[in-house]
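Protein chains in written order, with this note's numbering: chain A, 35 to 377; chain B, 35 to 377.
It is worth saying that the hints were derived from the structure and are not from the lab.
Bear in mind that the values here come from a model prediction, so they are computed numbers and not experimental data.
Any given hint might turn out to be false.
Identical copies go unnamed one by one, so any copy, or any two together, can satisfy a pair.
[Claimed, not checked] With a cut-off of at most 35 Å between alpha-carbon atoms, the simulated DSBU-like pairs for lysine-lysine come out as follows:
| id | residue 1 | residue 2 |
| --- | --- | --- |
| 1 | K112 | K221 |
| 2 | K338 | K169 |
| 3 | K108 | K221 |
| 4 | K221 | K277 |
| 5 | K270 | K336 |
Each chain is listed here by its residues.
There are 2 protein chains.
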Amino acid sequence: MKILVDAMGGDNAPLCVLQGAADALREFGDGMQLVLLGRKEVIEQTAKDNGIPLDGMELVDCRQVVTMHDDPVKAARKMTDSSLVRGLTMLKNGEGDAFVSAGSTGAMHVAASLIIRTVKGVKRPALATPMPGFKQNYLLLDCGANVECRATTLNAFAVMGSVYAEKVMGRHSPSVALVNNGAEDTKGTPIYREAHGLMRANPVIRFAGNIEPRDVPNGEVDVVVCDGFVGNVILKLTEGVAKSLLGMLKDVFMQSVVTKLCYLGVKGGLRTIKHKMDSEEVGGAPLLGTARPVIKAHGSSKAKGIKNAIRQARLCVEGDLCGTMEAALAELQTDETRAEKSE
Amino acid sequence: MKILVDAMGGDNAPLCVLQGAADALREFGDGMQLVLLGRKEVIEQTAKDNGIPLDGMELVDCRQVVTMHDDPVKAARKMTDSSLVRGLTMLKNGEGDAFVSAGSTGAMHVAASLIIRTVKGVKRPALATPMPGFKQNYLLLDCGANVECRATTLNAFAVMGSVYAEKVMGRHSPSVALVNNGAEDTKGTPIYREAHGLMRANPVIRFAGNIEPRDVPNGEVDVVVCDGFVGNVILKLTEGVAKSLLGMLKDVFMQSVVTKLCYLGVKGGLRTIKHKMDSEEVGGAPLLGTARPVIKAHGSSKAKGIKNAIRQARLCVEGDLCGTMEAALAELQTDETRAEKSE
Numbered sequence: 035m036k037i038l039v040d041a042m043g044g045d046n047a048p049l050c051v052l053q054g055a056a057d058a059l060r061e062f063g064d065g066m067q068l069v070l071l072g073r074k075e076v077i078e079q080t081a082k083d084n085g086i087p088l089d090g091m092e093l094v095d096c097r098q099v100v101t102m103h104d105d106p107v108k109a110a111r112k113m114t115d116s117s118l119v120r121g122l123t124m125l126k127n128g129e130g131d132a133f134v135s136a137g138s139t140g141a142m143h144v145a146a147s148l149i150i151r152t153v154k155g156v157k158r159p160a161l162a163t164p165m166p167g168f169k170q171n172y173l174l175l176d177c178g179a180n181v182e183c184r185a186t187t188l189n190a191f192a193v194m195g196s197v198y199a200e201k202v203m204g205r206h207s208p209s210v211a212l213v214n215n216g217a218e219d220t221k222g223t224p225i226y227r228e229a230h231g232l233m234r235a236n237p238v239i240r241f242a243g244n245i246e247p248r249d250v251p252n253g254e255v256d257v258v259v260c261d262g263f264v265g266n267v268i269l270k271l272t273e274g275v276a277k278s279l280l281g282m283l284k285d286v287f288m289q290s291v292v293t294k295l296c297y298l299g300v301k302g303g304l305r306t307i308k309h310k311m312d313s314e315e316v317g318g319a320p321l322l323g324t325a326r327p328v329i330k331a332h333g334s335s336k337a338k339g340i341k342n343a344i345r346q347a348r349l350c351v352e353g354d355l356c357g358t359m360e361a362a363l364a365e366l367q368t369d370e371t372r373a374e375k376s377e
Numbered sequence: 035m036k037i038l039v040d041a042m043g044g045d046n047a048p049l050c051v052l053q054g055a056a057d058a059l060r061e062f063g064d065g066m067q068l069v070l071l072g073r074k075e076v077i078e079q080t081a082k083d084n085g086i087p088l089d090g091m092e093l094v095d096c097r098q099v100v101t102m103h104d105d106p107v108k109a110a111r112k113m114t115d116s117s118l119v120r121g122l123t124m125l126k127n128g129e130g131d132a133f134v135s136a137g138s139t140g141a142m143h144v145a146a147s148l149i150i151r152t153v154k155g156v157k158r159p160a161l162a163t164p165m166p167g168f169k170q171n172y173l174l175l176d177c178g179a180n181v182e183c184r185a186t187t188l189n190a191f192a193v194m195g196s197v198y199a200e201k202v203m204g205r206h207s208p209s210v211a212l213v214n215n216g217a218e219d220t221k222g223t224p225i226y227r228e229a230h231g232l233m234r235a236n237p238v239i240r241f242a243g244n245i246e247p248r249d250v251p252n253g254e255v256d257v258v259v260c261d262g263f264v265g266n267v268i269l270k271l272t273e274g275v276a277k278s279l280l281g282m283l284k285d286v287f288m289q290s291v292v293t294k295l296c297y298l299g300v301k302g303g304l305r306t307i308k309h310k311m312d313s314e315e316v317g318g319a320p321l322l323g324t325a326r327p328v329i330k331a332h333g334s335s336k337a338k339g340i341k342n343a344i345r346q347a348r349l350c351v352e353g354d355l356c357g358t359m360e361a362a363l364a365e366l367q368t369d370e371t372r373a374e375k376s377e
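Looking at chain A on its own, in the form it has when it is part of the complex (with noise of 0.2 Å):
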């Protein structure tokens, strides 16, 4: 297996980016081989300075970087020697089974869009977060690459959701919910309404019915679907509604010297927490509905955000995910299609 690896893309590559290669190869390499592309000097100088082993590592020599301030058509269009492209391109090519990144979000999903082919039944990508849940993690899609949907979309979200639930997060028989404002089937916008009647009636999803906003953070269902927009309030909300309460509560320890005492008792516990509310720590968001892998890492990845999107990366290839997704979408166009025939 040989996975591509954007070593220019992110705030802190290309080192990090190095760091967390090394330390994917050394904790499961097995069986995995890694091309790093990138300014070829840069990363050899880096990680010679660094004490950072290349082994089993490929290097492809690209000159150009795409950075936060290109416009993500452009850079995908124009910057055929960037890190990016050329990584893409050889994911296209069959020259690599998997793509991971952490550079721009909006350059690797018009990018991907335009090289990678995506898969029957999806017009665009959609960018799927794990988020931290108080029972455990759950699947967020669309988290901002489609702000508007259609409701067989949304379906096909449903779909793709479970799968990688399935596939990548270790899910059985994962559960998918479809975010409205209100349990009732008539809740919602047409859309939502038209798109639960689609999920309800969906045969290869175990569809759990509308879930609250106030109950997504319980983390009880292991996918849930929105739009781009509403997804982007969810992933961004739960960040800001954190931090702000965070804040609160260092305020509460700084009062006095007791308070920081007692600060003193529970610092590992609460630094637990910040974790489990930090995107970072939870891993890559995979763009779902592309032909061949491709995720992508936090921007801010240290060292073992780039560890676990590569780990990411191995499973969608080990269990295949594209290739189940698109018969997964298949399945569902052919129900369809019986279901429209035998009305």
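With chain A fixed as given, assemble chain B onto it according to the hints.
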């Protein structure tokens, strides 16, 4: 000033309504008369049993009670002898200056739309909720009354929210932001992009631009505008994330004898946070856009919640909220007409 109070609405009615009403009269009853609507004998017996003085309160006997299980539209149309419908009818007829209820939000929204006319430029009233923010509370609208909104409706919400923030929340020259998945003008759905343009050109508000959901809980802006679907997500997810985090925190404090002792040291501070995050503590949610002031207290309000809702009602009357809102919306419309003519 006469404030109409639904004595039968809410989970803790009539006891907590009577207590809250009595507290309101004691604390800020100068020149204020309260009219309690509900089953007269139940009100009188409850007051007697609990030693609550009914001085300064007028009783209006209504035989029907709208419950959470009643269909909102049917309740609003047919339950003409309910405290809800009678109260709103009295408000419409000028037999009171404001109406307060902790009963069914749905029934109240429908009944208010049917019985009380809306101010010019508003088709359906919006539910506005004061939300907990890190710096200070902010007003969120719409919170779920209108799941789909046009750009002009969002712009009208901005005006309504501004007037409320100034007249009732006491904010000087309140700032208004539009929820969006990015700070740039070009972000969001076509409706949100159009709303951004309208709000940018709106002379009667101080527009702070788009606000990312991550920054909403900071409480840096006074009014946060979005459609009812997104507003419902923000309202309920804020509650859900806070609950989930406080649950994790509880687990941390329960780990050992030491952590339990630490809990005792910061118990007071934690209670303050919990109260701050608790929507009940913040007060009632006004229905904005009705021609006369209507305040929805939280369904699970205790005496304090009812008292605060009555205080809000008083402030609405004193500040001539509805008149000011109508004037501000009229100015906006004149401005729009003028702009259209000059084009």
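Quiz item: What label fits K338 with K169 when the C-alpha limit is 35 Å: within, between, both, or neither?
Solution: both (23 Å within a copy, 34 Å between copies)
Exercise. Go through the copies and call it for K270 and K336: within, between, both or neither, with a Cα cutoff of 35 Å.
Key: Intra 20 Å, inter 32 Å, cutoff 35 Å: intra and inter.
Quiz prompt | Intra- versus inter-copy proximity for K221 and K108 (alpha-carbon distance at most 35 Å) | solution = Classified as between: cross-chain Cα gap 18 Å, same-chain 40 Å, threshold 35 Å.
Quiz item: Taking 35 Å as the upper bound on the Cα-Cα distance, should K221 and K277 be classified as within, between, both, or neither?
Solution: Both: 31 Å inside a chain and 24 Å across chains, each within 35 Å.
Quiz item: Using 35 Å as the alpha-carbon threshold, which applies to K112 and K221: within, between, both, or neither?
Solution: The answer is between: 23 Å across copies meets 35 Å, while 45 Å in one copy does not.
Hint compliance for this structure: no hint is broken.
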